[in-house]
Every structure is written in structure tokens, then in C-alpha cells.
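Letter by letter, the sequence shown follows residues 1 to 152 of the UniProt record's numbering.
Hints listed in this document are in silico derivations from the structure and should not be mistaken for laboratory results. These numbers were taken from a predicted model, which means no experiment stands behind them. Fair warning: there could be bad hints in the mix.
As the list claims (entries may be wrong) - Each computed DSSO-like pair below joins lysine-lysine, with the alpha-carbon atoms no more than 30 Å apart:
1) Lys75 to Lys19
2) Lys19 to Lys138
3) Lys101 to Lys12
4) Lys138 to Lys101
5) Lys101 to Lys78
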Amino acid sequence: MPRGGDGAVREKLEAQFVKFFRRAIAEYRQELNRDLSGPQVQILELLEWYGPSNVSHLAERLYVTCGAVTLLADKMQKAGYLTRERSEQDRRVVMVSLTEKGRELLTEAREIRARLFTRYFGRLTADELNDLANLFNKMEHYIEGEDHGRVR
Numbered sequence: 001m002p003r004g005g006d007g008a009v010r011e012k013l014e015a016q017f018v019k020f021f022r023r024a025i026a027e028y029r030q031e032l033n034r035d036l037s038g039p040q041v042q043i044l045e046l047l048e049w050y051g052p053s054n055v056s057h058l059a060e061r062l063y064v065t066c067g068a069v070t071l072l073a074d075k076m077q078k079a080g081y082l083t084r085e086r087s088e089q090d091r092r093v094v095m096v097s098l099t100e101k102g103r104e105l106l107t108e109a110r111e112i113r114a115r116l117f118t119r120y121f122g123r124l125t126a127d128e129l130n131d132l133a134n135l136f137n138k139m140e141h142y143i144e145g146e147d148h149g150r151v152r
């Protein structure tokens, strides 16, 4: 059988994958109970990890355009989750920073994610979780191009 399985297996896996992630995202957003998208929460996480960042840095990490980050940041600034200031070193550059309200939201989001993770994966054995982690790691390397187009 070719790598990736036959067409029927791939179609079934794709349908299950899409169904799972749509449901997980919907439940996450419902529990978070905010008008925030996944990428907006990711922006907050990036700001926590890297500190104040310019829009191009955030866009690169999210695999989106600078314009998309600017639109998201506009909404988030109005909600009080982040601030924007001109860089002292280069006045053309706008630096985006996390606010205390943004940090509080991140704490809440992580607690929700942990609960959902336990609900979704809590019945798997340690071996099953390890296998799943290895598969996701393999896919991540493939997506990032570290396998140069080959799946090992």
C-alpha cells in the first residue's frame, strides 16, 4: 500500500480530522466566551513568548500577511488586550505589546485548553498519547519542510 494509505482511508481520516477540529474549536470558543478568534489568542501567546514584537514578526509566526495581523490587532487593542507604540529605534516600526488584561485572558484560555485536552484525550493510554504525539511531531516536521518533501 502506498504511503498515506488508500483513498478511502485518507477520505475517512480527513473527514474525522475536520470534524474533530471543528468541534474542538467551537467548544473552545464557546467556553472562552469572547469574540476572539484562534489567531487572536495566538498573537497574545506570541507576545508573551517573544515580548513586544512588530507586526511583520507576528505575521511570519502566524503564516499570515501583515495586513491580517493589523486587522486583528486593531480589534484586540480596542478590547484592551494589547497596546501599540512606535519603536524608539525606528519610528516607522510599530511595536505590539501584551497588556495585563491580555495576560489574564491567556491564563483563562490555557485553563480551558487544559480542560478540553483532558476531555478529548484523557481516556487514551500513555502509549496511545505517545503514539499520537509522535505522529503529530512527524507531521509538523513534514509541514515545516524539514523532511524536504519526504515523509519518513
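Going through the hints against the structure:
1. Lys75 to Lys19: holds (29 Å)
2. Lys19 to Lys138: holds (21 Å)
3. Lys101 to Lys12: violated (42 Å)
4. Lys138 to Lys101: Violated, at about 36 Å.
5. Lys101 to Lys78: holds (12 Å)
Checked against the numbered hints given earlier, the structure breaks hints 3 and 4 and satisfies all the rest.
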